[in-house]
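Participant: Given next are the chains, with one letter for each unit.
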Amino acid sequence: MAEASENRAGPDGAGAKGVWTDQKLENIVGNLLRTGVSLSAFVVAFGAIVYLARHGREPVNYRVFRGEPSDFKSVSGIVGNAFGFHGRGIIQFGLLLLIATPVFRVAISIWGFAAERDRMYMIFTGIVLIVLLYSLLGSGSAF
Amino acid sequence: MNIFEFTILVAMGSFAAGLLGSLTGLGGGVVLVPLLTLFFKVDIRYAIGASLVSVIATSSGAAAAYVKEGFSNIRIGMFLEIATTVGALVGAFLAAVISTKALAIIFGVMLLYSAYLSRKPRPRDQRNLPPDPLATRLRMNGDFPSEEGGTRHYNVQRVPLGFSLMFGAGALSGLLGIGSGAVKVLAMDQAMMIPFKVSTTTSNFMIGVTAAASAGVYLNRGYVDPGLAMPVMLGVLAGSLIGARILVKAETKVLRLVFSIVIAVLGVQMLYKGLTGGI
Numbered sequence: 001m002a003e004a005s006e007n008r009a010g011p012d013g014a015g016a017k018g019v020w021t022d023q024k025l026e027n028i029v030g031n032l033l034r035t036g037v038s039l040s041a042f043v044v045a046f047g048a049i050v051y052l053a054r055h056g057r058e059p060v061n062y063r064v065f066r067g068e069p070s071d072f073k074s075v076s077g078i079v080g081n082a083f084g085f086h087g088r089g090i091i092q093f094g095l096l097l098l099i100a101t102p103v104f105r106v107a108i109s110i111w112g113f114a115a116e117r118d119r120m121y122m123i124f125t126g127i128v129l130i131v132l133l134y135s136l137l138g139s140g141s142a143f
Numbered sequence: 001m002n003i004f005e006f007t008i009l010v011a012m013g014s015f016a017a018g019l020l021g022s023l024t025g026l027g028g029g030v031v032l033v034p035l036l037t038l039f040f041k042v043d044i045r046y047a048i049g050a051s052l053v054s055v056i057a058t059s060s061g062a063a064a065a066y067v068k069e070g071f072s073n074i075r076i077g078m079f080l081e082i083a084t085t086v087g088a089l090v091g092a093f094l095a096a097v098i099s100t101k102a103l104a105i106i107f108g109v110m111l112l113y114s115a116y117l118s119r120k121p122r123p124r125d126q127r128n129l130p131p132d133p134l135a136t137r138l139r140m141n142g143d144f145p146s147e148e149g150g151t152r153h154y155n156v157q158r159v160p161l162g163f164s165l166m167f168g169a170g171a172l173s174g175l176l177g178i179g180s181g182a183v184k185v186l187a188m189d190q191a192m193m194i195p196f197k198v199s200t201t202t203s204n205f206m207i208g209v210t211a212a213a214s215a216g217v218y219l220n221r222g223y224v225d226p227g228l229a230m231p232v233m234l235g236v237l238a239g240s241l242i243g244a245r246i247l248v249k250a251e252t253k254v255l256r257l258v259f260s261i262v263i264a265v266l267g268v269q270m271l272y273k274g275l276t277g278g279i
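Taken in order, these protein sequences are the chains called A and B.
Under my numbering, the letters of the first sequence match residues 1 to 143, in that order.
Under my numbering, the letters of the second sequence match residues 1 to 279, in that order.
A portion of the hints provided could be inaccurate.
As the list claims (entries may be wrong) - Here are the simulated DSSO-like pairs of lysine-lysine, each with C-alpha atoms no more than 27 Å apart in a straight line:
id: 1; chain 1: B; residue 1: K41; chain 2: B; residue 2: K253
id: 2; chain 1: A; residue 1: K73; chain 2: B; residue 2: K41
id: 3; chain 1: B; residue 1: K41; chain 2: B; residue 2: K120
id: 4; chain 1: B; residue 1: K120; chain 2: B; residue 2: K197
id: 5; chain 1: B; residue 1: K253; chain 2: B; residue 2: K197
id: 6; chain 1: A; residue 1: K73; chain 2: B; residue 2: K101
id: 7; chain 1: A; residue 1: K24; chain 2: B; residue 2: K101
Hints listed in this document are in silico derivations from the structure and should not be mistaken for laboratory results.
All values reported here derive from a predicted model rather than from experimental measurement.
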């Protein structure tokens, strides 16, 4: 992966060290996104099989909003529930992995900007990360 | 209808939305919520929760392919994500306090506007603009592989305007559970004068992070239902991945027209349902 980016930026990247590291960072980020999405799709599909095998013939009702049980709302509840081998719990864990993927992407970018000694963009990225972490971990207590 | 039949039907509908969305470049998210609320009679808040999750999946899947081509600008994306994520939080909190009728009306207006935008011809990229002091300080100016071969340099303009528009795009995304890629592209391409190809790929890159910022709030509030989000996410993801592989140039024009008509019709229906209280 690192070799590929080096080859591509090589011919026209003379004197453009920033471009090279940006490109390298973007490659890492690209692979991370792909892995996160594949992993979560796999977990969701697995949960779907368990869920449909057990509850497939029950009637459906999404017409009235009830909200989810607390196990499916908080990060700790979802993680704790995932290993109980219930279809819906496994699916929700897969969805949590998916929501966490962009958060990881942002966290890795901070590290990338640190490697480039770009303090300004470390701060910008840090702000984005704080907003994301607040949303995922802290927004439940706001209501 | 039992759960199995419901799951299969929703997955098929979501697959079609993802496929058309990626073939036309208009995104599948905009038709998902109307599809779920109008045809499957799902409560709009569940529909928005499921749609947001699928938006993260398609954006991350597509961005993984785009970043490697060297078009997207990671600095522009990251800086503007401050605006979109804060906007997304605001939008997600607003979604809890306004009525489902109002949500449907706003959604309808947004659909009609998207249909209009997709028909409007795009002005040509302006080249060789002078560097803007703020954009230069923020190190946003960049190069990208041009159509003529080699690289082309661009200077970013009007950063504050773009930043404000991005806040709006984020709020819309958090409120309606869509990627709001059209507004993001508009902010970069029209306001900040960033080349179209760079705008679209950077927008795609930003959509996942923006959606994640509101998805957390929806998750914590119990708007993400695993039974509904599962077929939506898997269907849209499969549709958009296949759509990205079969890009047929000649037919996308007709497809785009058909899809924008579908969007407009759904927009009218959402407006009608919102106004008459059918939601």
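Participant: Does each hint fit the structure? Answer for all of them.
Facilitator: A quick look at each hint next to the structure:
1. B/K41 x B/K253: violated (32 Å)
2. A/K73 x B/K41: holds (23 Å)
3. B/K41 x B/K120: violated (32 Å)
4. B/K120 x B/K197: The given pair, whose Cα atoms are some 17 Å apart, holds under the 27 Å limit.
5. B/K253 x B/K197: Since the Cα atoms of B/K253 and B/K197 sit roughly 18 Å apart, the hinted pair holds (cutoff 27 Å).
6. A/K73 x B/K101: Status holds; Cα separation ~25 Å.
7. A/K24 x B/K101: With a Cα-Cα distance of about 47 Å, the restraint between A/K24 and B/K101 is violated, given a limit of 27 Å.
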